[in-house]
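Chains A and E supply the protein sequences, listed in that same order. Under the UniProt record's numbering, think of the first position of the first sequence as 1, with each following residue one higher. Under the UniProt record's numbering, think of the first position of the second sequence as 1, with each following residue one higher.
Honestly, the hints are just simulated from the structure, not real lab data. One should not assume that every hint holds.
Here are the simulated lysine to any residue pairs, SDA-like style, with alpha carbons at most 25 angstroms apart [what the hints assert, rightly or not]:
| hint | chain 1 | residue 1 | chain 2 | residue 2 |
| --- | --- | --- | --- | --- |
| 1 | E | K154 | A | S462 |
| 2 | E | K154 | A | A484 |
| 3 | A | K495 | A | E554 |
| 4 | E | K142 | A | S462 |
| 5 | E | K142 | A | S101 |
| 6 | A | K596 | A | E586 |
| 7 | E | K154 | A | E203 |
| 8 | A | K596 | A | N547 |
| 9 | A | K231 | A | Q271 |
| 10 | E | K142 | A | S458 |
| 11 | E | K154 | A | Q271 |
| 12 | E | K142 | A | N492 |
| 13 | A | K513 | E | K55 |
| 14 | E | K154 | E | N123 |
| 15 | A | K212 | A | M338 |
| 16 | A | K513 | E | S137 |
| 17 | E | K154 | A | R488 |
| 18 | A | K495 | E | R148 |
| 19 | A | K529 | E | K55 |
| 20 | E | K142 | A | Q542 |
For each label pair, taking beta carbons as the anchor points, the in silico distance ranges come out as [claimed, not checked]:
| hint | chain 1 | residue 1 | chain 2 | residue 2 | range |
| --- | --- | --- | --- | --- | --- |
| 21 | A | I516 | E | T155 | 22 to 30 angstroms |
| 22 | E | E37 | A | R605 | 49 to 57 angstroms |
| 23 | E | P108 | A | S159 | 38 to 46 angstroms |
| 24 | E | E103 | A | I516 | 16 to 24 angstroms |
| 25 | E | T38 | A | S337 | 34 to 42 angstroms |
Note that CB positions come from ideal geometry on N, CA and C, so glycine has one too.
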Amino acid sequence: MVWRIVKSSLQNIHKAIRMCFWNTDTSIPKQKPFLILKLPLVPFKLVTEFMNSHEIIKLSMCSYRMESFLRVSKYKLIELHVHLSDQRLRYDFAQSNNFLSILFRKGKSEKQLESVTKMQQLCERYYGEDNTFLMIEYFSSNTVFDLYKCINALFSCPSVSWNFYLDQLSTETMMHYLNLSLAEKCTEFSFMRGSLTATLLTELLDRIPVSKRLEIDSDIPIDFKHPNALKYYVTRYNNGKWITLNDLKSIRNVGWIELKSTIFDCSDVNQFLNYWVNCEEDMLELLELNLQEGAIIDVFALIDQLITLRVEGASSPNFFIILELLERKKELEEEISMIEKRENQVDISDFSEEIRKKINANAELRRLEINKNNKFTITSRQLYFKQDTILPLLNYILEKGHVEQFVVRSSEKDEVFSNGPNLEDSVAMKWELSRFLREMKQTLHTMEETLKPKTNWSDLPSELKLECIDYMALMERWNLRQTAQVERDLVNSRKIFAETVIVDEKFFSFTTKSGIGNVFISYEYDPDKLSRTCPFILFVFQKLVANVLKIDDESYCMMSTLTIPQMETINLELNTIIVFHNSFIELYCWLSMLKKCVNVVIVERDEADLNKFPDFPAVLNAETIQYIDAKNIGVLESFLNAWSRQHPKLNSNFQMRFKSFESIESLRKMNSCIESRVGEEEGYDMIALETNDPEKIVIVVQGTKQREVFVCLLSENQELSTEFFIWKQFVKH
Amino acid sequence: MSCEEPTTSPTPENNITVVSSDGKEFLLDLKLTEQSETLARLISNFEYDRTDVKKDPVPLGNITSAQMQKIIEWLQHHRYYPKWEQNDIHYSTSFTFETWVEEYLNIPNNEMFELLNAANYLNIPRLFSTICRIMASRITGKSAEQIRTVLNIKTDVKNDVYTGIPIQEDSSSSEDGMSEISLSPSPPPI
């Protein structure tokens, strides 16, 4: 609000100045002068910023003091064009909202100013003005750059161009201008009308740095050559007939080139375009050229061997977008697709070679895509079409190429396509682009996934897969078997090796010798956790080969979760099994899982009172069987009956410790008893039993009043060794 | 263990020529072939270790030149290593490798599989065992889904006839059960 008031006041002041101060127009009534120079600098600047370039110049002509004040402000211009000829000197001032000129012309004044240091000197030479032209009588050519200096001091301008009119300017004057240090501040040189000799043009191109813009409207000799001729960032040649195809191909790192007339036909242009899109180096952003006189645009010849896209709604029906997709890339894509087709029919012996070719092709394709399309820049100069056509185009590019980043920007420097669409200004466009970029990201992700080298684990023969599985730890096997049925069957067929496995009511522990692949599952009386992990435990038991398996399932948790049919199908190969049990059923279940076991240790809990021994062959064939905390001698009798009926290994032994002392005397009643010495020998009782093998006998020995009973299998002539009567420590109480 | 020593260039007397599937010939020192049981047996049967016996090129139809190149690199590196003795892998699985091996086998999975096939064909136990271990190490710590991605395994779990939902035998345990598994606290001693 405050700014509006201030702005309004300033506009009134400005109006007052125009009315009071500049009183040459008699139609403006004379009023009391507005003392603008009395204003402080900031309001002065604010007031004068509302003035156009003519007003600033006229104001500066009023007094040197005024000029000095104005110089401080440095009024901004967008462009400044200086037109140089012997007849007149014209400055074109382009501001944001107007385009005004000041024209110095050769006048009738006899008095020539030798030097101009102040704008005030021009006051008397004011000739008149119309809407766009302010005319001042001409001075000598020596004063031209004095004027330029004075005017330049008032304005700041990023783009200054000098236009030389060769038909009205002598070569000496032109070279004089170019030699001035002011020429260095110029950004563009234009040579209009007339013609240039090869010598003069060579001298000009030698002198003008390639960083400037160059426009030559004048005629150029057909045999002209210069190494810098096509090196300027922006170059416009009215006559480009001296430019050959090789000249065009040599262009590198240039903004844009415009050739109004050339010697090229459609075939030449096509040849150049093919070279351009396949060139690994940056050539140029835009080339605009007219074909040779009389040439008809043959679209097919122009776009031959180029991947193009016709743009709907473009200014010309022959407007094409040439996509920078290399022909090689197309070939590679075709090659990959051919390999993929062949993969279904290929003989296995050629398979790896096909894969290799495909990998190489994919790798090359990726390199091309990264090099060429890593930053695919689309400028409005290139996208000269309606907004609604950009999405199909971008989709097309995405479909065909591997584009990692799009930069969409409008033309920011030149005005050539200033009438074209400004992509950045369109909200709808931005929204569409953001949506598109999101989709593009997803598509790129998918593309990257497909470009990853495909593994062929599935192609490995089963025996090699099994070899690899043998090296896998327990968890890796468990995870692998969940990937597919084939893998599951393979994993299930391999034995699992462990040092110690403990099944407790609180935890399950799997320990390897090396320590790698140890697994510990704690379920802490939680039946849900237990039921979730039971399949894993069953998986371990299916093919377990372990040194020690200890089962201590006091509250039947594991038993009730692992169903008996599942347990029955399992074969364990163990060195030692230690089972704490509550009942015969529990003991039966666990021991029924044994396929092989060297040492069997059974511990009876307080609640249990077994009178029968589980007579599984795997148990009876163990080298050492130990039964701890027995309460009923019936277990021993049951075991001896089963053992003597089997064919146990020689030197196998059974060790039993009663919970409380029980004598083996009752065993004398057994049918198989062939000899008994109970109470006869000092220190121990002994009973001998026959077996199914007439050459083997079972000896049962118990120390006097001792809870331990030792049973061993001997051949008839074998002597009793004391090692049979040493209690083996498998379980620490 | 590193036994790097300067390698000697093979001479006609102490080498054989092997031909890869794509027709490229490789001159192999007999000393190197000792690491390959297939080649060693072949040389022994044909008495190629004798200087007076004419040695025909040995065609290796299952091995490409690129694979052969890689294998020769392995053989050269292990030229002076002691004879390979298979440890009990079931009790000493280890995923640590010497730096050279890690660099040598820092290759895509598909190349690794091809090399595994080649090592199996030529019966080079040290290389075969190392690749198996490397393969096992590549899925260490990965879930079933991640393993599917790494090894490009397509699941073939059957769908329920009525619901169309995939039936997984161990579905109840595969996810929830796994999360219960930890390595600590360690179990008490037996």
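Cross-check of the supplied hints:
1. The suggested pairing of E:K154 with A:S462 holds, with an alpha-carbon distance near 16 angstroms, which does not exceed 25 angstroms.
2. In summary, the hint linking E:K154 to A:A484 is supported, as the alpha carbons are separated by about 7 angstroms, within the 25 angstroms threshold.
3. Distance check on the hinted pair: A:K495 and A:E554 sit about 28 angstroms apart at the alpha-carbon level, beyond 25 angstroms; violated.
4. A distance of roughly 22 angstroms separates the Cα atoms of E:K142 and A:S462; the hinted pair therefore holds under the 25 angstroms criterion.
5. Distance restraint check for E:K142 and A:S101: the Cα-Cα separation of roughly 76 angstroms exceeds the 25 angstroms cut-off, and the hinted pair is therefore not satisfied.
6. About 19 angstroms separates the Cα atoms of A:K596 and A:E586, which keeps this hinted pair within 25 angstroms; it holds.
7. Between E:K154 and A:E203, the direct Cα distance comes to roughly 73 angstroms. Violation of the 25 angstroms bound is thereby established for this hinted pair.
8. Pair hint A:K596 plus A:N547 holds up; C-alpha atoms about 12 angstroms apart against a cutoff of 25 angstroms.
9. A C-alpha spacing of about 21 angstroms is found between A:K231 and A:Q271, which places the hinted pair at or below 25 angstroms, so the restraint holds.
10. With a C-alpha separation of about 18 angstroms, the suggested pairing of E:K142 with A:S458 holds against the 25 angstroms cut-off.
11. Using a Cα cut-off of 25 angstroms, the hinted pair E:K154 and A:Q271 is violated, with the two alpha carbons roughly 48 angstroms apart.
12. A C-alpha spacing of about 19 angstroms is found between E:K142 and A:N492, which places the hinted pair at or below 25 angstroms, so the restraint holds.
13. A distance of roughly 48 angstroms separates the Cα atoms of A:K513 and E:K55; the hinted pair therefore is violated under the 25 angstroms criterion.
14. The hinted pair formed by E:K154 and E:N123 fails the criterion: a straight-line CA distance of about 30 angstroms is larger than 25 angstroms.
15. Under the criterion of a C-alpha separation no larger than 25 angstroms, the hint pairing A:K212 with A:M338 is inconsistent with the structure, at around 51 angstroms.
16. Simply put, A:K513 and E:S137 have alpha-carbon atoms about 18 angstroms apart, close enough for the 25 angstroms limit, and the pair holds.
17. About 13 angstroms separates the Cα atoms of E:K154 and A:R488, which keeps this hinted pair within 25 angstroms; it holds.
18. Between the alpha carbons of A:K495 and E:R148 the distance comes to roughly 23 angstroms, so the proposed pair stays at or under 25 angstroms and holds.
19. As the CA atoms of A:K529 and E:K55 are separated by approximately 67 angstroms, the hinted pair breaks the 25 angstroms bound.
20. Between E:K142 and A:Q542 the CA atoms are separated by roughly 23 angstroms; this keeps the pair inside 25 angstroms, and the hint holds.
21. The hinted window of 22 to 30 angstroms between A:I516 and E:T155 holds, with their beta carbons roughly 28 angstroms apart.
22. Look at E:E37 against A:R605: about 55 angstroms separates their beta carbons, and that is inside 49 to 57 angstroms.
23. Between E:P108 and A:S159 the beta carbons are some 55 angstroms apart, a value that contradicts the proposed interval 38 to 46 angstroms.
24. Between E:E103 and A:I516 the CB atoms are about 23 angstroms apart, so this pair conforms to the stated range of 16 to 24 angstroms.
25. Between E:T38 and A:S337, the C-beta spacing of about 37 angstroms keeps the proposed range 34 to 42 angstroms intact.
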